[in-house]
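Engineer: Based on the provided sequences and hints, a complete structural model is requested.
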Amino acid sequence: MLIQSNVSLRHLNTFGLDADARYFVNVQSVDELIAVLRDPEWKETPKFILGGGSNILLTKDIEALVIHPAMKGISIVEENEATVVLEVGAGEVWHDFVMHCVGKGYGGVENLSLIPGTVGAAPMQNIGAYGVEIKSVIESVEAVDIENGKKRIFNNSECEFGYRESVFKKALKHKYVITGATFKLSKKPILNAAYGDVQKTLQEMGAENPTIRDVSEAIMQIRRSKLPDPAEIGNAGSFFKNPEIPVAQFTRLRETFPEVPGYPVDAETVKVPAGWLIERAGWKGYREGEIGVHARQALVLVNYGGGTGAQIKALSEKIQESVAGKFGIRLNAEVNFI
Numbered sequence: 001m002l003i004q005s006n007v008s009l010r011h012l013n014t015f016g017l018d019a020d021a022r023y024f025v026n027v028q029s030v031d032e033l034i035a036v037l038r039d040p041e042w043k044e045t046p047k048f049i050l051g052g053g054s055n056i057l058l059t060k061d062i063e064a065l066v067i068h069p070a071m072k073g074i075s076i077v078e079e080n081e082a083t084v085v086l087e088v089g090a091g092e093v094w095h096d097f098v099m100h101c102v103g104k105g106y107g108g109v110e111n112l113s114l115i116p117g118t119v120g121a122a123p124m125q126n127i128g129a130y131g132v133e134i135k136s137v138i139e140s141v142e143a144v145d146i147e148n149g150k151k152r153i154f155n156n157s158e159c160e161f162g163y164r165e166s167v168f169k170k171a172l173k174h175k176y177v178i179t180g181a182t183f184k185l186s187k188k189p190i191l192n193a194a195y196g197d198v199q200k201t202l203q204e205m206g207a208e209n210p211t212i213r214d215v216s217e218a219i220m221q222i223r224r225s226k227l228p229d230p231a232e233i234g235n236a237g238s239f240f241k242n243p244e245i246p247v248a249q250f251t252r253l254r255e256t257f258p259e260v261p262g263y264p265v266d267a268e269t270v271k272v273p274a275g276w277l278i279e280r281a282g283w284k285g286y287r288e289g290e291i292g293v294h295a296r297q298a299l300v301l302v303n304y305g306g307g308t309g310a311q312i313k314a315l316s317e318k319i320q321e322s323v324a325g326k327f328g329i330r331l332n333a334e335v336n337f338i
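Here UniProt numbering is used: position 175 in the sequence shown is 175, and no number is missing along the way.
Everything labelled a hint here was simulated from the structure, so no lab data went into it.
DSS-like cross-link-like pairs, simulated, lysine-lysine; straight-line CA separation at most 30 Å:
no.	residue 1	residue 2
1	Lys313	Lys284
2	Lys151	Lys43
3	Lys187	Lys200
4	Lys169	Lys43
5	Lys104	Lys188
6	Lys284	Lys60
7	Lys187	Lys135
8	Lys200	Lys226
9	Lys169	Lys135
Structural biologist: Next up, the structure:
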């Protein structure tokens, strides 16, 4: 286990931004992680946890010990005729884990195909797509206390999952390192293909009686058609959360903008697509030097190769002000600013 100095993090953030870690360590087991956290030499050094960097915006160098959790492994904890419980290391690539499940016929995560990042980061963000959130399949999360190096298991309710939120982004932010998670999946899955795009793509595929593999393939086709590949152009996927507003506010909004889409969250709240708001505010395809808004998906901010995190942050603030001025809705970033 080698602790390095002044390490570039370009390869560990999907925006492809230049930023350095003052110190960096790659930990491949829970024991290695605990050893680092309890090492007297590093006890007073600030710690920063970085997985795949798929949901962060690095605006400057990180003056801390950057810990990269690289714990691997997928193993069966419990199994019966109907379900299987899998224990998965935090360092596993999320999409690889989904493909493992699809290949085994385990249903529950197929709608989350092609989401970038690692398994360890997934519960922190409560990742979701096409009608499914990770909170519906997580049994528990294993983490280590940064302060004392003690292990703790959080059950589903203790994770306090919300829309792109969890306790690890709120009350316990920067206090724990997620080292793994357990997932309860179905061997007799009920497909979630209600989204129009998914149904349409399955029909185009000729999948009359779709399987979880068909749903996964349909979602990958949709994502590839709408979202840029971070390997080709720097981005962190959806930059903003879809705002949830009171029904009364949505009713007033429709008086001025009859075409605005909205999806009921509950009896009092409506979710409005942030991408629609940004596009109608005139930002889709906007470019400012080496950064901009993607030409096919207004929800995605991009780095064409030479941009900085500070520039992308400034652009996001311009978009927030523009949308607020036009629609009276304040967008909140889904991406974490560092």
